[in-house]
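Q: Numbering-wise (our numbering), the sequence shown opens with residue 1 and increments by one.
Please keep in mind that the hints were generated in silico from the structure rather than gathered at the bench.
Some hints could be false.
Stated by the list, open to error - Straight line, CA to CA, 27 Å or less: simulated DSSO-like cross-link-like pairs of lysine-lysine:
1. Lys47 with Lys162
2. Lys361 with Lys135
3. Lys274 with Lys110
4. Lys24 with Lys74
5. Lys234 with Lys187
6. Lys62 with Lys47
7. Lys187 with Lys47
8. Lys237 with Lys161
9. Lys62 with Lys37
10. Lys301 with Lys195
11. Lys198 with Lys187
12. Lys74 with Lys332
13. Lys54 with Lys162
14. Lys274 with Lys32
15. Lys106 with Lys301
16. Lys274 with Lys201
17. Lys161 with Lys195
18. Lys195 with Lys237
19. Lys237 with Lys309
20. Lys126 with Lys110
21. Lys161 with Lys47
22. Lys198 with Lys309
23. Lys74 with Lys356
24. Lys61 with Lys74
25. Lys351 with Lys61
26. Lys356 with Lys304
27. Lys162 with Lys309
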Amino acid sequence: MKSYKYQDVKDYVTNLIKTHTDEKNYLLPSEKQLQVKLGVSSFTVKKAISDLKKEGLVYGKKGVGLFVSDTAGKQLNVNKSSLVFAVCMISSITRFSNAIQRGAIKEAEKLGMFPLFFYSDNDEKKETDFLERIKTAGVNGAIIYPSDANYKNSALEELNKKAFPVVVIDRTVKEVGCSFVSTDHYKATFNATDKLIKEGKKHIAISIPMSISVSTMNERFRGYLDAHVTNGVKPDKNLFIDSCAPGGKNLAKTSETFPLNTEYMDKLKEYYLKFFDDYPETDAIITVNGMSFISLLKAEKELKERNIKVPEITVFDDDFDDISDLLGVPFKSIRQDGFKLGQIATEMLYKKITGKETEDKIYI
Numbered sequence: 001m002k003s004y005k006y007q008d009v010k011d012y013v014t015n016l017i018k019t020h021t022d023e024k025n026y027l028l029p030s031e032k033q034l035q036v037k038l039g040v041s042s043f044t045v046k047k048a049i050s051d052l053k054k055e056g057l058v059y060g061k062k063g064v065g066l067f068v069s070d071t072a073g074k075q076l077n078v079n080k081s082s083l084v085f086a087v088c089m090i091s092s093i094t095r096f097s098n099a100i101q102r103g104a105i106k107e108a109e110k111l112g113m114f115p116l117f118f119y120s121d122n123d124e125k126k127e128t129d130f131l132e133r134i135k136t137a138g139v140n141g142a143i144i145y146p147s148d149a150n151y152k153n154s155a156l157e158e159l160n161k162k163a164f165p166v167v168v169i170d171r172t173v174k175e176v177g178c179s180f181v182s183t184d185h186y187k188a189t190f191n192a193t194d195k196l197i198k199e200g201k202k203h204i205a206i207s208i209p210m211s212i213s214v215s216t217m218n219e220r221f222r223g224y225l226d227a228h229v230t231n232g233v234k235p236d237k238n239l240f241i242d243s244c245a246p247g248g249k250n251l252a253k254t255s256e257t258f259p260l261n262t263e264y265m266d267k268l269k270e271y272y273l274k275f276f277d278d279y280p281e282t283d284a285i286i287t288v289n290g291m292s293f294i295s296l297l298k299a300e301k302e303l304k305e306r307n308i309k310v311p312e313i314t315v316f317d318d319d320f321d322d323i324s325d326l327l328g329v330p331f332k333s334i335r336q337d338g339f340k341l342g343q344i345a346t347e348m349l350y351k352k353i354t355g356k357e358t359e360d361k362i363y364i
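Construct all of the structure, not just a fragment, from the sequences and the given hints.
A: Have a look at this one:
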């Protein structure tokens, strides 16, 4: 059970008050409901409610419950034109990220909310700074698309402990326990691998950062393995490529955020070329991000120039579909519905901000 301090309980109720100041006689959760939801003692809840009553923000009706005061909005200087929430994204340049943002904006308009976007550039330090400042930024809640290295973050855990409304997108972040909405990465990779096997592919490689514990990577790898087992095919460990550590495991930690630079991609290209030299029987390869995909394209173009048969590429997301004719190497995409992710995450956050019941874990 989570441990909330008195001030955290008060902050939680105050946030509910702010979001309902324009609803006459709005009934707040009972003391018992707050006690159970926040995992605190009745004494802690009573102390917080007592202070809010003294401040004139709430009033009680015996036998009925606790209500938001008619003057609470004015006292708290609430502007009810919209609820403001922050969105921390890894990137602003990929099609998947843009789809998430468009979905969030569309749903926000429908719910009378206003999103503020921040970009971490897949940098753990930038993201942590954002998380540490968000509680005092004057917003009602936040949606976080965690960076690759930020699958466990103490700042995110602290927000969650303080009952600040947060929804994580595209990651489960099991270590922290935040509410999340995510693609079913297991099912997507299972289906892609299953399709390749049924098409007659016998040696399917997967290029995935096995050096890091990001939930999406673990789920995709399990889907790949289980598709083999389901089809009665023994997975070949030689075809597990750690795209996070080309040339040796010693690079794994420094590569956790997948630096998008030419030097690194060229290094990864050479890694793929050596892999194909060592395992020429490879007839298909699944990769999980744009950086490794571009590096693969470079490697396969070189193979084509040598008149060597190239493995079929399957890549997560459809970021490169519009320019497929220009890339010179055929590939297939696993498409995720980013627009729907953005919509559902925003709706989930709205429910958390307004104190309505919502699912904590949603897969699409």
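Q: Look at each hint and say if it fits the structure.
A: Hint by hint, here is what the structure shows:
{"no.": "1", "hint": "Lys47 with Lys162", "in the structure": "17 Å, holds"}
{"no.": "2", "hint": "Lys361 with Lys135", "in the structure": "23 Å, holds"}
{"no.": "3", "hint": "Lys274 with Lys110", "in the structure": "52 Å, violated"}
{"no.": "4", "hint": "Lys24 with Lys74", "in the structure": "14 Å, holds"}
{"no.": "5", "hint": "Lys234 with Lys187", "in the structure": "19 Å, holds"}
{"no.": "6", "hint": "Lys62 with Lys47", "in the structure": "18 Å, holds"}
{"no.": "7", "hint": "Lys187 with Lys47", "in the structure": "48 Å, violated"}
{"no.": "8", "hint": "Lys237 with Lys161", "in the structure": "40 Å, violated"}
{"no.": "9", "hint": "Lys62 with Lys37", "in the structure": "22 Å, holds"}
{"no.": "10", "hint": "Lys301 with Lys195", "in the structure": "25 Å, holds"}
{"no.": "11", "hint": "Lys198 with Lys187", "in the structure": "16 Å, holds"}
{"no.": "12", "hint": "Lys74 with Lys332", "in the structure": "56 Å, violated"}
{"no.": "13", "hint": "Lys54 with Lys162", "in the structure": "23 Å, holds"}
{"no.": "14", "hint": "Lys274 with Lys32", "in the structure": "63 Å, violated"}
{"no.": "15", "hint": "Lys106 with Lys301", "in the structure": "40 Å, violated"}
{"no.": "16", "hint": "Lys274 with Lys201", "in the structure": "21 Å, holds"}
{"no.": "17", "hint": "Lys161 with Lys195", "in the structure": "43 Å, violated"}
{"no.": "18", "hint": "Lys195 with Lys237", "in the structure": "20 Å, holds"}
{"no.": "19", "hint": "Lys237 with Lys309", "in the structure": "22 Å, holds"}
{"no.": "20", "hint": "Lys126 with Lys110", "in the structure": "30 Å, violated"}
{"no.": "21", "hint": "Lys161 with Lys47", "in the structure": "19 Å, holds"}
{"no.": "22", "hint": "Lys198 with Lys309", "in the structure": "20 Å, holds"}
{"no.": "23", "hint": "Lys74 with Lys356", "in the structure": "23 Å, holds"}
{"no.": "24", "hint": "Lys61 with Lys74", "in the structure": "22 Å, holds"}
{"no.": "25", "hint": "Lys351 with Lys61", "in the structure": "25 Å, holds"}
{"no.": "26", "hint": "Lys356 with Lys304", "in the structure": "57 Å, violated"}
{"no.": "27", "hint": "Lys162 with Lys309", "in the structure": "56 Å, violated"}
Of the numbered hints given earlier, the model fails hints 3, 7, 8, 12, 14, 15, 17, 20, 26 and 27; all others are met.
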